Amino acid sequence: IEYSDVANKKVIAAVMDKLKLDVVEARILTGTDNLEKAAVIIESWGCPEILITQSDGVLARVNGKTYYEKFSNSNVSGRTGRGDTTFSAYLSQRLEKDVPESLKFAAALVSIKMETPGPFNGTLEDVLQRIRERHS
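Per my numbering, the sequence shown starts with residue 11, numbered consecutively.
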């Protein structure tokens, strides 16, 4: 995969309600490896809700506040699809829950997903148990 900066990134970000990037994409677009700084820069372009994933967790920047949740996986045999799964799990919870709860849910679900190759194959109870045990 070859990454490159996007000329109209500020215009694009300004019309987004939510934006998900991984650490490499964030660095290329903002020029920094620091997740919080990258999220603040993207927020300054007009996007109010940003998620950035990296190998050990996920950062959310929402309405001027930064949140971070570590992943709790014991291995990375199912790492492929981590970012998409994180974003979809987060969005499913943001319909009715606040940012910290949604981020915990996403991190717990993705942590379970990363321990087995393929798509997430757990249950809601598996995710809730992981939250209780490792994300409280």
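Any given hint might turn out to be false.
Unchecked claim - Calculated pairs, BS3-like style, for lysine-lysine (alpha carbon to alpha carbon, straight line, at most 30 Å):
1. 80 <-> 28
2. 80 <-> 107
3. 80 <-> 47
4. 47 <-> 20
5. 80 <-> 19
6. 47 <-> 28
7. 19 <-> 107
8. 75 <-> 47
9. 75 <-> 28
10. 75 <-> 19
11. 47 <-> 19
12. 47 <-> 107
13. 20 <-> 75
14. 28 <-> 107
15. 107 <-> 75
16. 80 <-> 20
17. 20 <-> 107
It is worth saying that the hints were derived from the structure and are not from the lab. In this text, all values refer to a predicted model and were calculated from it rather than measured experimentally.
Holds or violated: residue 75 to residue 28, with C-alpha atoms at most 30 Å apart: holds, 14 Å
Is residue 47 close enough to residue 107, meaning Cα to Cα at most 30 Å? Roughly 25 Å separates the two Cα atoms, so the pair holds.
Is the hinted pair residue 75 and residue 47 satisfied, with a Cα-Cα distance of at most 30 Å? holds, 12 Å
Within 30 Å, alpha carbon to alpha carbon, are residue 75 and residue 19? Holds. Residue 75 to residue 19 sits at ~22 Å (cutoff 30 Å).
Straight-line Cα separation of residue 80 and residue 19 no greater than 30 Å? Holds: residue 80 and residue 19 sit about 28 Å apart, inside 30 Å.
Is residue 19 close enough to residue 107, meaning Cα to Cα at most 30 Å? holds, 29 Å
So if I understand the rule, the pair passes when the alpha-carbon distance is 30 Å or less; does residue 20 with residue 107 pass? holds, 28 Å
Can the restraint linking residue 20 and residue 75 be considered satisfied, given a maximum Cα separation of 30 Å? holds, 20 Å
Given the hinted pair residue 28 and residue 107, is their Cα-Cα distance within 30 Å? holds, 15 Å
Distance restraint between residue 80 and residue 107, which requires alpha-carbon spacing of 30 Å or less: holds, 19 Å
For residue 47 and residue 19, compute the direct alpha-carbon distance and say whether it is at most 30 Å. Distance of about 16 Å is within 30 Å: holds.
Mind checking the alpha carbons of residue 80 and residue 20 for me, to see if they're no more than 30 Å apart? Given that 30 Å is the threshold and the Cα spacing comes to 28 Å, the pair holds.
Hint violations for this structure: none, all hints satisfied.
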